Structures are given as structure tokens and as C-alpha cells.
Amino acid sequence: MISVSPSGRWGGRVTSRPLPDARDELDAIDPVVRERLADIWWTQSATELRVATSFAVVHRSLRELGAEASLVALAERAIDDEHRHAALCLEMATRLYGHDVEPPPLLPTRQPHHREALDEDERRALYVIGQCALNETFANAYLSTAYGATKSPLARAAINELMRDEIDHSRLGWAFLATIPASKRARISDWLVPLTITNLREWHESATTHTYSYESHGIPSADAVREALGEVVRTVLIPGFAHVGLDVRALELWSRAGMPTR
Amino acid sequence: MHKLFHTLVVSGAALVQGCASTQVAAAQPVETARAERSPSVAATSPSAANAAASPTNTVSPPVEPRAATPAATPGSVQALVADARSCADVGWHTTKSAHMWIERAQTVTVEGHTYSCLPEEANRTPRCCRQDPAR
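Heads up: the sequence lines are chains B and R, in that order. Quick note, in this note's numbering, the first sequence goes up one by one and the last residue is 262. Quick note, in this note's numbering, the second sequence goes up one by one and the last residue is 135.
Check each hint, because a few of them may be wrong.
Unchecked claim - Covered stretches of chain B (in silico footprint by chain R; criterion: 3 or more residues with CB under 8 Å from a CB of chain R, positions within the stretch not fixed):
1) 40–49
2) 68–82
3) 112–123
4) 138–150
5) 201–210
6) 239–248
7) 253–260
As the list claims (entries may be wrong) - Listed next, the in silico SDA-like pairs over lysine to any residue satisfying Cα-Cα at most 20 Å (straight line):
8) R:LYS3 / B:TYR147
9) R:LYS3 / B:ILE167
10) R:LYS3 / B:GLY230
11) B:LYS184 / R:VAL16
12) R:LYS3 / B:ARG156
13) R:LYS3 / B:ASN160
14) B:LYS184 / B:HIS114
15) B:LYS151 / B:ALA224
16) R:LYS3 / B:ARG164
17) R:LYS3 / B:GLY148
18) B:LYS184 / B:LEU65
19) R:LYS3 / B:PRO239
20) B:LYS151 / B:LEU26
21) B:LYS151 / B:ARG36
22) R:LYS3 / B:GLU227
23) B:LYS151 / B:PRO20
24) B:LYS184 / B:ARG63
25) R:LYS3 / B:MET163
26) R:LYS3 / B:ALA149
27) R:LYS3 / B:ALA224
28) B:LYS184 / B:ASP121
29) R:LYS3 / B:THR235
30) R:LYS3 / B:GLU231
31) B:LYS184 / R:GLN17
32) R:LYS3 / B:GLU161
33) B:LYS184 / B:GLU122
34) B:LYS184 / B:ARG115
35) R:LYS3 / B:ARG226
36) R:LYS3 / B:ARG234
37) B:LYS151 / B:ALA222
To be verified - If you want a taste of the chain R side facing chain B, the calculated C-beta under 7 Å gives, among others:
38) LEU4
39) PHE5
40) ALA13
The set of hints was computed from the structure by calculation and includes no laboratory data. On a predicted model such as this, the values are computed, not experimentally measured, just so you know. Here a beta-carbon is modelled for each residue, glycine too, at the ideal position from N, C-alpha and C.
Same shape as in the complex, but just chain R (with noise of 0.2 Å):
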């Protein structure tokens, strides 16, 4: 996996090399504008946890020593995790999730028009699909 992280990252980020904006800042002051104007996730969210270890609540880039990272304790990961539902509501469709499908499709036919259906995902509902007429 080591590997990958220079196949991707840093060859991805060289895609762009010369770009102003991927040279390091300095540090700037941390925006917390999701928290502010959502009192209730600001204990929890992401920024929070960042700024905790922060006494001088900036950013740090990478090239310099960071302050350490809070210990976790259940109720600061799980507030992460429910902050991670409210805001990301779901992830991008994965292309790799055919072991769900063993079955072939199932045709139905209602009121006179054939769909095609598929067991979606685990704990989800089957999904049919009306057929191309032209298949």
C-alpha cells in the first residue's frame, strides 16, 4: 500500500506542480463555519476534534511538527461518526460492489412492461429496472 501512496498522491498532486495554491501556507486560522452555524455539531465535529489539539487553533502543514492528536474516547468517536451522517449524508457509489449480485437478473412484468431486477446492495431493497425495449 506504501506504493500506492506515491502512485496516487504524489504523483497525482504533481499533476498540477507549479500551481501557487500547493506550496504550504502559513498557518491560517481555522473556519469553522459548518460548527458556527450549527451549535449543536460544534462540540462534535471534525474542527473541533482538529482544533482540540491546537492551543493556538491554526492549521499546521504537514511540514511542520503538529500538535498531537487527541486521545479518542467513545463518545468523541462516536460524535464523529454521527456528525459524519448529518453532513455527508451518503458515499459515492462504490464500482466494486458486484459480490452483492451472485444472482442473475429476475425479470417481472407489471401492467404490461418488463423490468429487470437486481438484489441491491445488503439490507437494501431490490432495485428494478424497466428493459430496453431495444436490447
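Extracted from the complex, chain B is given alone in its bound form (with noise of 0.2 Å):
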């Protein structure tokens, strides 16, 4: 099982309304197919639930860092959404295979150690960035090309869900850079860059090598989700970044190059 806390968003439900029955629209979908969208939600399970532990390293570090008690509180939560959104994956997959599975298996973690990092405090800074703005806004873009594509109301159902937390844990990001003192503006800015192009790396081999397309069922094609990230870094990142007043011409240099990331 995978354990939602009473205390979570939803007092201890996966979901803020249950999901659509949909019982006609999976008997319609082509057996191949459905049981391959299954085999995906499964898989999305065990990668939400990984994330989990990506936000127990952001709760940590904001509570290190004295950061507002609103942010590290909605660090905390996002904790438990993401058990959530595994919780939720799951239920997807079982309704696809249309039997009961049995939750993915943990997978091992790791995470940026940003080794030239000026102090703890900045490491701690980059992590919250790095997850949070950088990582949660790419995956707002992803969602967002997939719900602007999909047809079937059981995964618009699954997609709004996630949309939902994944808005507020970007938002946490992008709060906590507006916190951050001027006198520190000009050593994050010199981080963009990296941030960027490692996390950017990491949605091109997770999210963008597949070669099939699933979309009204939820699943964009890796043309529309490539497209869709590169969109994010024109259109939010950069914009965003400068809106908190961070140096961001290093960014759009690297941007106007076609945004390399090897």
C-alpha cells in the first residue's frame, strides 16, 4: 500500500473528488493500447513516490534555511501529495489492467550535491530552486501539454488532480525566490545556467525518447513534450527568473543557442 497521511491536503484521500467512473470509456480502448497506458501509470507511480524524497530534502532544507513558516509548511505537505499522486498513478493502473497490481517497487534516489556551492546555506538555497521552480514548472509544462491534448475524461480527471498540487509546489519556488535578499541575487544568478541545463537534461532523457503517442489518452508525444519544455524556458523560466530580479542574460544566451544540453 501506498500511505497517504490523514493530515495531507485532502484529510487523507488521494483525490479532491473521486474519479469519473469510466467504466464505457476503458471497455472502448483498444486492449493493446490500454494495457500499455496502464504499464506507464504504474510506472508514473514509482516515479511520483521517488519525488517524495526530493521534497523531504526541500522541507529540510527551508526549515534549515528559517524560511517562512507558510513555505516550509507547504514543503511539508508536498511531501505527502506526492504519495498522493503515486497512490493516484496507481489507481489509474488498476482500472487500466482492470485487476488489482501490486504497487511499483521503491526506486533508489540521488540528487544534485552542487559541490561548489558557496556555503551549506546556499546549497540548501539551490536545492529549493532546483526542485521547485526549476523541476515543478517543467513538470507544470509537461501536464499542461498533456490535459491540452487528452480526450478521455478519466485522464483529464487524473491530470487536473496533479496539476493542482504541482501548481502550488512550483509556486513554492518561485516564492521563495522573491524572498531571497539582493545582496545574494548576484551569486544565484551565476547558478541559473547549471540549474537549468541539468535539470532540462533530465526531463530530455525521462520525458522525450519515447516513440509512440498516446496523447488523447493522456500521454504527449516526445515532439510535444520537447516543445512544451523549451516553450517553459522562454516563456516562464527567463521571465521569471528576471521578475524576482535575477541576472538572466547567461540564460538567454544559452537559450537563443538552442538550449544544448550535452
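Each chain sits in its own coordinate frame; assemble them with the hints.
Quick look at the structure:
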């Protein structure tokens, strides 16, 4: 079982509202496609759960930085949010398989180290920025693309539930950035290119190498994801970093050169 | 995507509205501690790229006109990417990497222990995790 906290966002429930029954919708899906969709949701359950570990790092970092209580509380909630996401994805897999399925195994985790950070506080700040302002903003780009193309009421409901939380997770990063004192902005600006390149590389490797597309079922094509990731750099990340007072000229230079990650 | 800018950035920054530090302060001297500690990085780091376009060597608040971004050259962009590798090592795990794992978990038994194996991301090695006996 994937544990969900009774003090979480929806009081122990996995979603804000029950997913639609969708029995007719599921019966109409080609069995081969249905099996593959189930595999994808089942695997996403594992990757959602893994990110709970990332938010544990973010939560600890914010606490140790003495960040605003509301941000610390949101980071703590995000840990449980990822458990709920894992449970939601498992529920989607179960419905698509048409029978109960075991939870996926825990995946090994790793995280950035930022060995060149000036000190522990800078490293903690980079964790929050990298996981929230960057990674979760990319996640929102992915989900927006998935939501926009899907015609499946069941997939739309599931994606909508995921997005409701991912928006908050991203906002956490932008809120934190807005609290960074002016005296530290130059150093943080210095990190924007490395943080963006390494995170975009993760997205390219993990979400843009597949050769199929089930867009109407909420699984976008690799091309659509790649395009969304690039667009979010140009229209959200760069103007976003500028909005909170950071120097984005190096990031613009890299962006205009086609955003190479290797 | 333009909508995402407001949904995420503007609304996010507004969560902490009222913090003194959210006000854009006067231009601050650029700190280049990372470059200072590593001269080889100095010529190629983002701070160098940022500073190159600014004759006053200051960070410009977004509300003020900023110096133009320097023209990208293959060398300057390669340097940025190389610098990223050295100082940020890896990015955070993504949650939407399900595409890489179309196959259901395979199990293997080694020395009496059963493991679930998933092909980890492309170009990487499979990951095998010991199964939780309680499941």
C-alpha cells in the first residue's frame, strides 16, 4: 500500500473528488493500448513516489534556512502530495489493467550535490530552486501539454488532480526566490544556467525519448513534450527569474543557442 | 505557456508579498566567488557571461533597462554547458519519466532474495530493488 497522511491536503483522501467511473470509456480502448497505458501509469506511480524524497530535502532545507512558516508547511505537504500522486497513478493503472496490481518497487534516489556552492545555506537555496522553481515548472509544462491534448475524461480528471498540486509545488519555488535578499541575487544568478541545463537534461532523458503517442489518453508525444519544455524556458523560466530580480543574460544566451544540454 | 507565467511565477511570488526582500534593491556588485575560487571557470561561467554584457559590472533589476545579451558563439555556449556539468552534476528526478519503463517489472532471484527490476532511464543501467516481503 502507498500511505497517505490523514492530515494531508484532502484529509487522507487521494484526490479532491472521486475519479469518474469511466467503465464505458475503458471498455472502448483497444486492449493492447489499454495495457500500455496501464504500464505507463503504474511506472509513473514509482516516479511520483520517488519525488517525495526530493521534497523531504526541500522541506529540511527550508526549515534550516529559517524560511517563512507558510513555505515550510507547503514543502511538508508536498511530501504527502507525492504519496497521493503515487496512489492516484496506481489507481489509474488498476482501472486500466482491469484488476488489482501490486505497488511498484521503491526506486533508488539521487540528488544534486552542488559541490561548488559557497556554503550550506547557498546549497539549501539551490535545492529549493532546482526542485521547485525549475523541476516543478517543467512538470507543469508537461501536464499542461498532456491535459490540452487528452479527450479521455478519466485521464483529464487524473491530470487535473496532479496539476493542482504541482502548481503549488512550483509556486513554492517562486515564492522562495522572491524572498532572496538582493545581496544574494548575484550568486544565485550565477547558478541559473547550471541548474536549468542539468534539469532540462533530466527531462530530455526521461520524457522525450519515447516513440509512441497516446495524446488522447493523456500521454503526449516526445515532440510535444520537447516543444513544451523549450517553450517554458523561454516564456516562464527566463521571465520568471527576471521577475524576481535575477540576472538572466547568460540564460538568454544559452536559450538563443538552442538550449543545448550536452 | 504565457498563462503559466502568471499562474506559477506571479502568483507564487505573491505568496510572500510584503517581504522586504521581494523589493528589487539597488544594483549590487556582482559576486564571482565561484569564479574566483576556480580561475578556469571564470572565463566561461554564467557570471562571466552575465557580466560581459554589463560595463558597470552590476546586476540590473528587471525594472531597469538591461544591457543586451552578448552574442552566442559555439565556444561560449559549450563553455556554459561544460560549466553546468561541473557545478550542478545532476538535475532532480522528474516525476513524468514513466515513458522509459513500458515493461512491467521483471523479477530475479539472487542468493535467495527476490528483486523487482525496472529498466532505469535510457542509456542507464537497469535498477533492481529488493521486494518488500510485506507486499
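Hints, verified against the model:
1. Here's how the stretch 40–49 of chain B fares: 8 of its residues keep a CB closer than 8 Å to some CB of chain R, so the rule of at least three is met and the hint holds.
2. Restraint check on the stretch 68–82 of chain B versus chain R: 4 residues with Cβ-Cβ distances below 8 Å, three needed, restraint holds.
3. For a cut-off of 8 Å, the count of residues in the stretch 112–123 of chain B with a CB near a CB of chain R stands at 6, and the three-residue condition holds.
4. Given a C-beta distance limit of less than 8 Å, the hint that chain R covers the stretch 138–150 of chain B holds, as 7 residues qualify and 3 suffice.
5. For the stretch 201–210 of chain B, the stated coverage by chain R holds: 8 residues have a C-beta nearer than 8 Å to a C-beta of that chain, and at least 3 were required.
6. For the stretch 239–248 of chain B, the assignment as covered by chain R holds, since 8 residues bring a beta-carbon within under 8 Å of that chain's beta-carbons and 3 suffice.
7. Proximity of the stretch 253–260 of chain B to chain R, defined as three or more residues with a beta carbon under 8 Å from a beta carbon of that chain, is established by the 5 residues found.
8. This hinted pair checks out: LYS3 of chain R and TYR147 of chain B have alpha carbons roughly 14 Å apart, not beyond 20 Å.
9. In summary, the hint linking LYS3 of chain R to ILE167 of chain B is supported, as the alpha carbons are separated by about 12 Å, within the 20 Å threshold.
10. Between LYS3 of chain R and GLY230 of chain B the alpha-carbon distance is near 15 Å, which keeps this suggested pair within the 20 Å criterion.
11. Annotation: proposed proximity of LYS184 of chain B to VAL16 of chain R holds, straight-line Cα distance about 18 Å (limit 20 Å).
12. Note on LYS3 of chain R and ARG156 of chain B: the hinted pairing holds, with a Cα-Cα distance of about 19 Å set against a maximum of 20 Å.
13. The straight-line distance between the Cα atoms of LYS3 of chain R and ASN160 of chain B is roughly 16 Å, inside the 20 Å bound, and the hint therefore holds.
14. In summary, the hint linking LYS184 of chain B to HIS114 of chain B is supported, as the alpha carbons are separated by about 16 Å, within the 20 Å threshold.
15. A distance of roughly 16 Å separates the Cα atoms of LYS151 of chain B and ALA224 of chain B; the hinted pair therefore holds under the 20 Å criterion.
16. Note on LYS3 of chain R and ARG164 of chain B: the hinted pairing holds, with a Cα-Cα distance of about 15 Å set against a maximum of 20 Å.
17. Of the pairs offered as hints, the one joining LYS3 of chain R and GLY148 of chain B holds, with about 13 Å between alpha carbons and a cut-off of 20 Å not exceeded.
18. Between LYS184 of chain B and LEU65 of chain B, the direct Cα distance comes to roughly 14 Å. Compliance with the 20 Å bound is thereby established for this hinted pair.
19. A distance of roughly 12 Å separates the Cα atoms of LYS3 of chain R and PRO239 of chain B; the hinted pair therefore holds under the 20 Å criterion.
20. Among the hinted pairs, LYS151 of chain B with LEU26 of chain B is consistent with the structure: their alpha-carbon atoms are about 13 Å apart, no more than 20 Å.
21. With a C-alpha separation of about 17 Å, the suggested pair LYS151 of chain B and ARG36 of chain B falls inside the 20 Å cut-off, and the hint holds.
22. Between LYS3 of chain R and GLU227 of chain B, the direct Cα distance comes to roughly 16 Å. Compliance with the 20 Å bound is thereby established for this hinted pair.
23. Distance hint between LYS151 of chain B and PRO20 of chain B is fulfilled; the C-alpha atoms sit about 14 Å from each other, no more than 20 Å.
24. Simply put, LYS184 of chain B and ARG63 of chain B have alpha-carbon atoms about 19 Å apart, close enough for the 20 Å limit, and the pair holds.
25. Between LYS3 of chain R and MET163 of chain B the alpha-carbon distance is near 14 Å, which keeps this suggested pair within the 20 Å criterion.
26. Restraint check for LYS3 of chain R and ALA149 of chain B: satisfied, since their Cα atoms lie roughly 17 Å apart, inside the 20 Å limit.
27. For the hint linking LYS3 of chain R to ALA224 of chain B, the alpha-carbon distance of about 18 Å falls within 20 Å, and the restraint holds.
28. Distance restraint check for LYS184 of chain B and ASP121 of chain B: the Cα-Cα separation of roughly 11 Å lies within the 20 Å cut-off, and the hinted pair is therefore satisfied.
29. Distance check on the hinted pair: LYS3 of chain R and THR235 of chain B sit about 9 Å apart at the alpha-carbon level, within 20 Å; holds.
30. Straight-line distance between C-alpha atoms of LYS3 of chain R and GLU231 of chain B comes to about 12 Å, which keeps the hinted pair within the 20 Å bound.
31. Between LYS184 of chain B and GLN17 of chain R the alpha-carbon distance is near 19 Å, which keeps this suggested pair within the 20 Å criterion.
32. Taking the CA atoms of LYS3 of chain R and GLU161 of chain B, the gap is near 18 Å; set against the 20 Å cutoff, the hint holds.
33. Our distance criterion of 20 Å between C-alpha atoms is met by LYS184 of chain B and GLU122 of chain B, whose separation comes to about 9 Å.
34. Under the criterion of a C-alpha separation no larger than 20 Å, the hint pairing LYS184 of chain B with ARG115 of chain B is consistent with the structure, at around 18 Å.
35. With a CA separation close to 19 Å, the supplied pair LYS3 of chain R and ARG226 of chain B stays within the 20 Å bound.
36. Proposed proximity of LYS3 of chain R and ARG234 of chain B is supported: the alpha carbons are some 13 Å apart, at most 20 Å.
37. Proximity of LYS151 of chain B to ALA222 of chain B is assessed by CA-CA distance (about 18 Å); at most 20 Å being required, the pair is judged to hold.
38. The beta carbon of LEU4 of chain R is positioned within 7 Å of a beta carbon in chain B (closest approach about 5 Å), and the interface hint is therefore held.
39. Interface hint at PHE5 of chain R: satisfied, since its Cβ lies 5 Å from the closest Cβ of chain B, which is below the 7 Å cut-off.
40. The beta carbon of ALA13 of chain R is positioned within 7 Å of a beta carbon in chain B (closest approach about 4 Å), and the interface hint is therefore held.
Violation of the numbered hints given earlier is absent; every hint is satisfied by the structure.
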